[in-house]
Amino acid sequence: MMAGMTDSSSPREGIRTTEASAPPVVGAGTTAALLVVLFGSFMDLLDATIVTVAAPAIAQDLGAGDAQIQWTIAAYTLALGAGLITGGRLGDQYGRKRLFLIGLAGFMLTSALCALAADPAMLIGMRAAQGLTAGIMVPQVFGIIRASFAPGERAKAFGAYGAVQGLASVAGPLLGGLLVDIDLFGLGWRTIFWINVPVSILALIVGAKALPESRSASTARLDLLGAFLAAAGILLLMLPIIQTETWGWTWASYALLAAGIIVLAIFLAHERRLTGRGDEPVFDPALLRIRAFAVGLSASVLFFGGIGAYFLTLSVYLQNGTGRTAWETGLVILPYALGSIITSGLGVALAAKAGRALLVAGSLTIAASQLVLWSVVKDGSDPGYWLLALALFVGGLGLGLAAPILVNVVLAGVPGRNAGAAGGVLSTVNQIGGAVGIAVLGTVFFTSVTDSATGAPALPDHSHALSIVLIASATLYLVTALVMLALPKAAVEHAE
4 MMAGMTDSSS
14 PREGIRTTEA
24 SAPPVVGAGT
34 TAALLVVLFG
44 SFMDLLDATI
54 VTVAAPAIAQ
64 DLGAGDAQIQ
74 WTIAAYTLAL
84 GAGLITGGRL
94 GDQYGRKRLF
104 LIGLAGFMLT
114 SALCALAADP
124 AMLIGMRAAQ
134 GLTAGIMVPQ
144 VFGIIRASFA
154 PGERAKAFGA
164 YGAVQGLASV
174 AGPLLGGLLV
184 DIDLFGLGWR
194 TIFWINVPVS
204 ILALIVGAKA
214 LPESRSASTA
224 RLDLLGAFLA
234 AAGILLLMLP
244 IIQTETWGWT
254 WASYALLAAG
264 IIVLAIFLAH
274 ERRLTGRGDE
284 PVFDPALLRI
294 RAFAVGLSAS
304 VLFFGGIGAY
314 FLTLSVYLQN
324 GTGRTAWETG
334 LVILPYALGS
344 IITSGLGVAL
354 AAKAGRALLV
364 AGSLTIAASQ
374 LVLWSVVKDG
384 SDPGYWLLAL
394 ALFVGGLGLG
404 LAAPILVNVV
414 LAGVPGRNAG
424 AAGGVLSTVN
434 QIGGAVGIAV
444 LGTVFFTSVT
454 DSATGAPALP
464 DHSHALSIVL
474 IASATLYLVT
484 ALVMLALPKA
494 AVEHAE
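Quick note: the sequence shown uses the numbering used here, first residue 4, plus one each step.
These aren't lab readings, by the way, just hints derived from the structure by calculation. Model, not experiment: these values are computed from the prediction. Heads up, the beta-carbon is just placed ideally off N, CA and C, and yes, glycines get one too. Heads up, some of the hints might be wrong.
[To be verified] Derived DEER-like restraints, expressed as beta-carbon distance ranges:
| hint | residue 1 | residue 2 | range |
| --- | --- | --- | --- |
| 1 | Leu481 | Ile208 | 43 to 53 Å |
| 2 | Trp250 | Ala475 | 13 to 23 Å |
| 3 | Val209 | Trp389 | 22 to 32 Å |
| 4 | Leu119 | Thr34 | 29 to 39 Å |
| 5 | Leu205 | Leu349 | 33 to 43 Å |
| 6 | Leu393 | Ala211 | 40 to 50 Å |
Turn these sequences into a full structure, and let the hints guide you.
Shown next as structure tokens:
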């Protein structure tokens with residue numbers, strides 16, 4: 004899924020407080036440390052996108068239903084979002100090197116278990132576990148970079164971080180398609196997970212020697228109950244939506260929705276209680292009273308909510324509908340990533356002066372690209388590579404304008420003392436938005452694919468379903484652009 008790739012400049016490290024580490028030392032060791040943490044970031048984003056292209060092959064091999072394929076992708080994203088803030092706090096308290104290596108080891112183990120999955124249920128469970136380990140590993144990246152490099156060198160390090168994110172966005176669909184098609188050792192789609200194992204072992208060996216240790220001076224207790232309540236509430240809301248095609252809408256579905264709302268209400272009450280007694284919650288409800296942040300949460304959920312579902316449904320359309328291979332599907336998606344890389348530098352350069360305008364322009368461009376794609380797929384025939392590539396390239400241009408700067412524009416309206424907490428929450432919401440988007444738009448797609456006369460969904464069926472998703476998604480981005488008009492005009496310049 005592409006949702007991960009859109010968060011390349013967001014402060015996914017969660018809540019940061021006063022440092023209790025030695026001054027950074029720049030040298031050969033720090034170069035090795037940078038390579039190790041960049042690998043962790045690369046693999047997180049790669050695994051968020053690579054499964055999208057492999058989804059049809061996974062469904063065929065394991066006999067997975069539509070809802071199970073949605074869960075295979077959404078489980079990783081949701082678990083990652085649930086773990087980001089808590090993972091960042093764990094690193095602050097117990098050491099970022101230690102938590103990064105623990106997360107990396109867990110990521111390696113869960114990747115192997117994903118590759119060994121015997122049925123859809125095991126794969127979904129292991130994908131959730133993989134997301135949780137990424138939620139431990141990824142938040143340490145920025146803290147380790149800060150501990151490794153002197154202030155004057157950090158810009159280069161963060162530039163390398165951004166470049167790796169761009170590389171992962173290109174590599175995900177291409178590598179996924181290649182690995183599925185070449186069927187290495189007869190393993191098929193399982194190689195997309197096995198590939199993590201040997202590289203993780205190398206990174207663990209180098210990281211144990213090269214990574215510096217750093218931690219925060221804060222001794223605040225972890226809000227584990229808050230993290231659990233938030234994850235449980237979102238899960239209860241998503242479950243009946245994703246399972247609509249299988250369950251339909253019964254009294255149990257509505258009961259789960261009601262339970263989700265109740266659990267989230269309990270979560271907010273718990274967070275208010277912690278704030279009232281001076282503890283640090285996962286989410287400070289007082290942030291919602293900051294207009295820019297409240298609007299930013301809405302804009303972020305809408306923006307990232309459309310991306311993951313877009314690529315899941317497009318991948319299924321290209322493979323099950325037009326008959327393309329996984330590799331050919333990756334080549335079709337490639338122009339989107341290239342377009343994003345082209346404009347992302349421009350977006351970052353102009354964010355301090357015209358951040359809000361770039362966000363609106365990016366959302367409108369994505370909406371326009373989806374309407375162009377709708378116009379070429381709606382008649383039920385295969386539009387060919389270049390028409391698909393053109394529409395996707397335009398969408399990538401819009402993504403590059405908006406995604407890398409969204410978090411910083413939102414934080415421009417948040418007081419500096421709250422920026423760390425707000426950034427962590429916003430990054431988490433981005434992941435949750437992607438999972439919810441997969442639940443809603445993915446369900447719309449799969450329930451819209453009807454059986455043809457031969458008993459199997461044909462290209463016109465997939466074209467019809469994708470057309471519905473494209474219209475819904477384009478409308479979503481038009482609404483997102485309107486919401487973004489209420490954001491601050493420019494991105495915040497973060498102080499050290």
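Checked hints:
1. In this structure the supplied range 43 to 53 Å holds for Leu481 paired with Ile208, their Cβ-Cβ distance being about 50 Å.
2. Here the CB-CB span from Trp250 to Ala475 is close to 21 Å, well matched to the stated 13 to 23 Å.
3. Checked against the given bound of 22 to 32 Å, the beta carbons of Val209 and Trp389, roughly 43 Å apart, lie outside it.
4. Between Leu119 and Thr34 the beta carbon distance is about 35 Å. The supplied range of 29 to 39 Å therefore holds.
5. Taking the beta carbon of each, Leu205 and Leu349 are about 35 Å apart, inside 33 to 43 Å as hinted.
6. At roughly 47 Å, the beta-carbon separation of Leu393 and Ala211 lies within the given 40 to 50 Å, and the hint holds.
Hint check: a violation occurs at hint 3 only; the rest are consistent with the structure.
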